[in-house]
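S.K.: Construct the entire structure; sequences and hints are all you get.
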Amino acid sequence: MNNAKMWLVVKPTVGVPLFLGAVAVGSFAVHVAVLSNTTWVADFLSGASAGGSAALQTEQAILPASADATTLPMYIETHADGTQMMRVILPDGRSATLVMDDLTQAALR
Amino acid sequence: MSNDPEKVWPTGLTLKEAEEVHSYLIDGTRVFGAIALLAHVLVAVSTPWLG
Numbered sequence: 036m037n038n039a040k041m042w043l044v045v046k047p048t049v050g051v052p053l054f055l056g057a058v059a060v061g062s063f064a065v066h067v068a069v070l071s072n073t074t075w076v077a078d079f080l081s082g083a084s085a086g087g088s089a090a091l092q093t094e095q096a097i098l099p100a101s102a103d104a105t106t107l108p109m110y111i112e113t114h115a116d117g118t119q120m121m122r123v124i125l126p127d128g129r130s131a132t133l134v135m136d137d138l139t140q141a142a143l144r
Numbered sequence: 041m042s043n044d045p046e047k048v049w050p051t052g053l054t055l056k057e058a059e060e061v062h063s064y065l066i067d068g069t070r071v072f073g074a075i076a077l078l079a080h081v082l083v084a085v086s087t088p089w090l091g
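Going down the list, the protein sequences come from chains U and S.
Add 35 to a position in the first sequence, counting from 1, and you land on the number used in this note's numbering.
Add 40 to a position in the second sequence, counting from 1, and you land on the number used in this note's numbering.
Hints were generated in silico from the structure; no laboratory data involved.
Keep in mind that a hint or two might mislead.
List of simulated lysine-lysine pairs, DSS-like, C-alpha gap at most 27 Å [as the list claims (entries may be wrong)]: (1) U:Lys-46 with S:Lys-56; (2) U:Lys-46 with S:Lys-47; (3) U:Lys-40 with S:Lys-56; (4) U:Lys-40 with S:Lys-47.
All values reported here derive from a predicted model rather than from experimental measurement.
M.R.: Structure follows, in structure tokens:
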């Protein structure tokens, strides 16, 4: 009870709400700072996995940074429903298809 | 009761009352801290928080 004598000076009706309010405001501020300085909370709230490793893997470049975008054998096709598809001719001759779908629009359909 | 010699002003609490108020505050802080610690451990293992 080191500091119990503070309540002889500070009224508990003032000091206790002040203390609890300070804790609430402080922890709220920290969580707002985390929300506004990271992306993984927003990603999680948008449906991504809470474990960040999967989300990080999707951000890995599939083409080397040295690739020249103007000479890449890449074709973009737009469908009538607004979705886009990207066709890439891989170095070994195979073709790969990337579908770019607006997930927010897809969820509304 | 207002002339209780045990009371200390400006709050008018006795030392025993002040210690009782303080004990509840300390207990509450400990419970809050324990729950917060558990929550932070769970967040640390399940999200990219702290890398």
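S.K.: Each hint should be assessed against the structure and marked as holding or not.
M.R.: Status of the hints after comparison with the structure:
{"no.": "1", "hint": "U:Lys-46 with S:Lys-56", "verdict": "holds, 14 Å"}
{"no.": "2", "hint": "U:Lys-46 with S:Lys-47", "verdict": "holds, 13 Å"}
{"no.": "3", "hint": "U:Lys-40 with S:Lys-56", "verdict": "holds, 9 Å"}
{"no.": "4", "hint": "U:Lys-40 with S:Lys-47", "verdict": "holds, 12 Å"}
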